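Number of protein chains: 2
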Amino acid sequence: MAPLTELSIDDLKALQAQLQTRYDEFSARGLKLDMTRGKPAPEQLDLANGLLSLPGAGDFTTASGVDCRNYGGIDGIPEARELFGAYMGVSPEEIILGGNASLTLMHDTVANAMQHTAWGKAPIKFLCPSPGYDRHFSICEHFGIEMVVVGMDEHGPDMDQVEQLVAGDDSIKGMWCVPKYSNPTGAVYSDAVVDRLASMPAAADFRIFWDNAYEAHTLEAAPAPLKNILQACKDVGNPERVLMFGSTSKISFAGMGVSMVAGSVKSMNGVRSNLKAQTIGPDKINQLRHVRFFKDIDGIHAHMQKHAEILRPKFEAVLEILERELGGQGIATWTRPSGGYFVSLDTLDQCAAQVIQMAGDAGVKLTAAGATFPYRKDPRDRNIRIAPSLPALEDIHTAMEGVAICVQLASVQKQLS
Amino acid sequence: MAPLTELSIDDLKALQAQLQTRYDEFSARGLKLDMTRGKPAPEQLDLANGLLSLPGAGDFTTASGVDCRNYGGIDGIPEARELFGAYMGVSPEEIILGGNASLTLMHDTVANAMQHTAWGKAPIKFLCPSPGYDRHFSICEHFGIEMVVVGMDEHGPDMDQVEQLVAGDDSIKGMWCVPKYSNPTGAVYSDAVVDRLASMPAAADFRIFWDNAYEAHTLEAAPAPLKNILQACKDVGNPERVLMFGSTSKISFAGMGVSMVAGSVKSMNGVRSNLKAQTIGPDKINQLRHVRFFKDIDGIHAHMQKHAEILRPKFEAVLEILERELGGQGIATWTRPSGGYFVSLDTLDQCAAQVIQMAGDAGVKLTAAGATFPYRKDPRDRNIRIAPSLPALEDIHTAMEGVAICVQLASVQKQLS
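Chains U and Z supply the protein sequences, listed in that same order. Sequential numbering from 1 applies to the first sequence in the numbering used here. Sequential numbering from 1001 applies to the second sequence in the numbering used here.
Because the hints were derived from the structure by calculation, they are not lab data. All figures in this text were calculated on a predicted structure; none of them were measured in a lab. Backbone N, C-alpha and C fix where the C-beta goes; we use that ideal spot for every residue, glycine too. Careful: at least some of the hints might be erroneous.
When the alpha-carbon atoms are kept at most 25 Å apart in a straight line, the in silico BS3-like pairs for lysine-lysine are as follows [claimed, not checked]:
id : chain 1 : residue 1 : chain 2 : residue 2
1  : Z       : Lys-1125  : Z       : Lys-1032
2  : U       : Lys-266   : U       : Lys-227
3  : U       : Lys-414   : U       : Lys-365
4  : U       : Lys-276   : Z       : Lys-1276
5  : U       : Lys-306   : U       : Lys-295
6  : Z       : Lys-1276  : Z       : Lys-1266
7  : U       : Lys-125   : Z       : Lys-1234
8  : U       : Lys-365   : U       : Lys-32
9  : U       : Lys-276   : U       : Lys-121
10 : Z       : Lys-1276  : U       : Lys-365
11 : U       : Lys-276   : Z       : Lys-1234
12 : Z       : Lys-1365  : Z       : Lys-1414
13 : Z       : Lys-1276  : U       : Lys-125
14 : U       : Lys-377   : Z       : Lys-1234
15 : Z       : Lys-1306  : U       : Lys-276
16 : Z       : Lys-1121  : Z       : Lys-1266
17 : Z       : Lys-1365  : U       : Lys-121
18 : U       : Lys-276   : Z       : Lys-1365
19 : U       : Lys-276   : U       : Lys-266
20 : U       : Lys-414   : U       : Lys-377
21 : Z       : Lys-1125  : U       : Lys-121
22 : Z       : Lys-1276  : Z       : Lys-1227
23 : U       : Lys-377   : U       : Lys-125
24 : Z       : Lys-1121  : Z       : Lys-1276
25 : Z       : Lys-1125  : Z       : Lys-1377
In silico negatives: residues of chain U with every beta carbon more than 12 Å from chain Z [to be verified]:
id : residue
26 : Glu-93
27 : Ala-122
28 : Asp-170
29 : Ala-203
30 : Gln-231
Per the computed footprint, the stretches of chain Z lying under chain U, defined by three or more beta-carbons under 8 Å from a beta-carbon of chain U, are [to be verified]:
id : segment
31 : 1055-1063
32 : 1079-1085
33 : 1371-1379
34 : 1401-1408
Make the full structure from the sequences, and use the hints.
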């Protein structure tokens, strides 16, 4: 198809009429499709149904003899710290296991710093590579932390911008990162980005919140390599700069996973000192259950290949429709992720909110406009996060066709206006 | 035995020599007994071993069709809110279910108020009926909240004192209560105490932290009645005054329970607004697991009768030895709880730390001196918390004999000094 900018007014008007007919026909189908959130599909959850009857009768004791049914143990059981330490690329001493949500560990880390450190004594800021994860931004808003948008490309955040901001402003205390298969762009941080994050001059209490939510969540034969930022930070003498987060929410069950926070031993001591006032310890039986099911790190990666087999056709369907409907017209760009849970679609400037509205009116619910930016404000109003995991494959074809019609229609309208 | 005060110096010295011999013989046995914490015994945990293979293959859906394996639902699943609403004496709309520790819900309630309300803007105080629960006091210390000790008797806190303090001081924002089988005295709050707590004049943002940790934890045929404080608060127009906490930690598994916070619908909205920033929702599978196991409130009470059968002989052993060794001498008083996890032993003033030290030296570890008071400072140095649940019955006999020898020896020494 020719780029829209090369069409005459008459051709544009003819195209608009044709698209309007398609849109009306699509709307008339009265569909109710939901592409809003990165929830695993039931078929993915089924892969871990073995967990539903684990650890099983009589199995409640760790190799070291701890009764997982009883109180005790703030850090998690040894075999689970070993398994998830391997998963996060740290030693068992460098990881603490939490409840079922890494979001809680991130929220509580911010909350504790706001309450018990200098963070709470004067206004502070966080860098927010965007588009990014809305729940990270919600935490900042909840605590009144000013969010500073920095750009993203396929190698991660714009490091020139990051370095310049951090060096000149001691009130920048944190930065959100989803370093692998980033939400929503699918970017994997390059080694150079990791090294620059580890070594750039910054406030002593500047912390990188390294939300490695998709460490093993590849769509290919193996996960993309990601440089170990804790090691990089240690190598340059900044061992406390990074706190790494992860969970099995999209590995086992989204509602019943094991969350984890990792970092230097000193950082873990800090986490522990707050946990001691907050909890009697995590659910050790659930940790044992996960160890029994996955056995070792290879078990996790083998399991994620089964997820990939389910997710791959869904992502391919999204990309196929986008290419077929929007390719070559100069009206949209989109990411082709090799893992994670999202495709990030950029429309022409000032079109995303309109597309999301139109798609919603036609029965295809998309993530709210602006959701991928701090304060829900997309400065160019162009980003749409597409979550293909939950709907059935045939629904994705349908939904994406509807989205693509809306993108074209909004683009033509913009061109004509 | 005659009261110690009626003995002559010579009789006291003879008694001292005799007790010292017993103490030396006891020490020589080289025992290692632990009476420090209220942990369930393995036999109690065994009662819930059915949970280890629940909910079981293919069982992950609520009656309303929610897939408990996936994300979603901040409040807990409907059938679990119904079950635990009945347990806490509230409607399903008045309860939110959390992770495995009610301590976390209490900590986070304080943390959220300190961060997001006027509580954090000026120094505040909590009333601490004492002896009380050390982990409550730790939360206050963690947040720099000044603790004000108020006395306890068998009907609950000294309400004259409480009313006088609260009426005269707007900086008193909270109060810790363990209203049934109180830790450590076993007191059950009387109806009059509940009514006075509900109706006394207090700051608008004064909150009672009603830690009903032992609601069903009777040693008798049925739990003691406790007046519903939420209803009492509603009746006098203070519906937001109380936040009720509970958990199944000492019903199912201490490490894998379901925690809960209850209160008015408005209070629950406040809890929810913070949870939305903090979590993707609680472990719904664990809630379903508990519903499948206990079925209904009668199932919980029937289960607690099995706990009572295990605990009753242990409590009886403690009381039997205390009566045999210390009865009638005027050197100690102790509680005779009808439920809960502790016996509270008061020695003569200024003797508790010495008794705990001596018992420890002889191989019987007791809860640290002062632990039942704010700042670990027992003003009369007389309270010892005895936790009979974990040790085997024969060990309790032995340990309590050791403790009783230490109490007598310390008392004689005090009388002679």
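We went through each hint and held it up to the structure:
Between Lys-1125/Z and Lys-1032/Z the alpha-carbon distance is near 40 Å, which puts this suggested pair outside the 25 Å criterion. For the hint linking Lys-266/U to Lys-227/U, the alpha-carbon distance of about 21 Å falls within 25 Å, and the restraint holds. The straight-line distance between the Cα atoms of Lys-414/U and Lys-365/U is roughly 22 Å, inside the 25 Å bound, and the hint therefore holds. For the suggested pair Lys-276/U and Lys-1276/Z, the alpha carbons sit about 23 Å apart, so the restraint of at most 25 Å is met.
With a CA separation close to 16 Å, the supplied pair Lys-306/U and Lys-295/U stays within the 25 Å bound. This hinted pair checks out: Lys-1276/Z and Lys-1266/Z have alpha carbons roughly 15 Å apart, not beyond 25 Å. For a cut-off of 25 Å, the pair hint linking Lys-125/U to Lys-1234/Z is broken: about 42 Å separates their Cα positions. Using a Cα cut-off of 25 Å, the hinted pair Lys-365/U and Lys-32/U holds, with the two alpha carbons roughly 8 Å apart.
Only pairs whose Cα atoms come within 25 Å are accepted, and Lys-276/U paired with Lys-121/U is accepted, the gap being roughly 23 Å. Using a Cα cut-off of 25 Å, the hinted pair Lys-1276/Z and Lys-365/U holds, with the two alpha carbons roughly 21 Å apart. A distance of roughly 34 Å separates the Cα atoms of Lys-276/U and Lys-1234/Z; the hinted pair therefore is violated under the 25 Å criterion. About 22 Å separates the Cα atoms of Lys-1365/Z and Lys-1414/Z, which keeps this hinted pair within 25 Å; it holds.
The suggested pairing of Lys-1276/Z with Lys-125/U holds, with an alpha-carbon distance near 21 Å, which does not exceed 25 Å. Among the hinted pairs, Lys-377/U with Lys-1234/Z is inconsistent with the structure: their alpha-carbon atoms are about 42 Å apart, more than 25 Å. A threshold of 25 Å between alpha carbons decides the hint, and for Lys-1306/Z with Lys-276/U the separation of about 31 Å lies outside it, so the pair is violated. This hinted pair checks out: Lys-1121/Z and Lys-1266/Z have alpha carbons roughly 23 Å apart, not beyond 25 Å.
Between Lys-1365/Z and Lys-121/U the CA atoms are separated by roughly 42 Å; this puts the pair beyond 25 Å, and the hint is violated. With a C-alpha separation of about 21 Å, the suggested pairing of Lys-276/U with Lys-1365/Z holds against the 25 Å cut-off. As the CA atoms of Lys-276/U and Lys-266/U are separated by approximately 15 Å, the hinted pair is consistent with the 25 Å bound. For the proposed pair Lys-414/U and Lys-377/U, the alpha carbon gap of about 20 Å is at most 25 Å, so the pair holds.
Using a Cα cut-off of 25 Å, the hinted pair Lys-1125/Z and Lys-121/U holds, with the two alpha carbons roughly 21 Å apart. With a C-alpha separation of about 32 Å, the suggested pair Lys-1276/Z and Lys-1227/Z falls outside the 25 Å cut-off, and the hint is violated. Using a Cα cut-off of 25 Å, the hinted pair Lys-377/U and Lys-125/U holds, with the two alpha carbons roughly 17 Å apart. With a CA separation close to 23 Å, the supplied pair Lys-1121/Z and Lys-1276/Z stays within the 25 Å bound.
A C-alpha spacing of about 17 Å is found between Lys-1125/Z and Lys-1377/Z, which places the hinted pair at or below 25 Å, so the restraint holds. Interface exclusion of Glu-93/U from chain Z stands, the closest Cβ pair being 21 Å apart, more than 12 Å. Every C-beta of chain Z lies more than 12 Å from that of Ala-122/U, the closest at about 15 Å, which supports listing it as non-interface. Taking the minimum C-beta to C-beta distance to chain Z, about 22 Å, the non-interface status of Asp-170/U holds against the 12 Å cut.
Under the 12 Å C-beta cut-off, the non-interface status given to Ala-203/U relative to chain Z holds; the minimum distance is some 21 Å. Distance check on Gln-231/U: its Cβ is at least 29 Å (rounded) from any Cβ of chain Z, clearing the 12 Å threshold; non-interface status holds. Coverage of the segment 1055-1063 of chain Z by chain U holds in this model, with 6 residues showing a Cβ closer than 8 Å to a Cβ of that chain against a need of three. Three residues within the 8 Å Cβ limit are the bar, and the segment 1079-1085 of chain Z against chain U gives 0, so the coverage statement is violated.
Counting residues of the segment 1371-1379 of chain Z whose CB falls under 8 Å from any CB of chain U gives 0; the rule of at least 3 is not met. Beta-carbon proximity to chain U at under 8 Å applies to 0 residues in the segment 1401-1408 of chain Z; the threshold of 3 is not reached and the given coverage is violated.
Checked against the numbered hints above, the structure breaks hints 1, 7, 11, 14, 15, 17, 22, 32, 33 and 34 and satisfies the rest.
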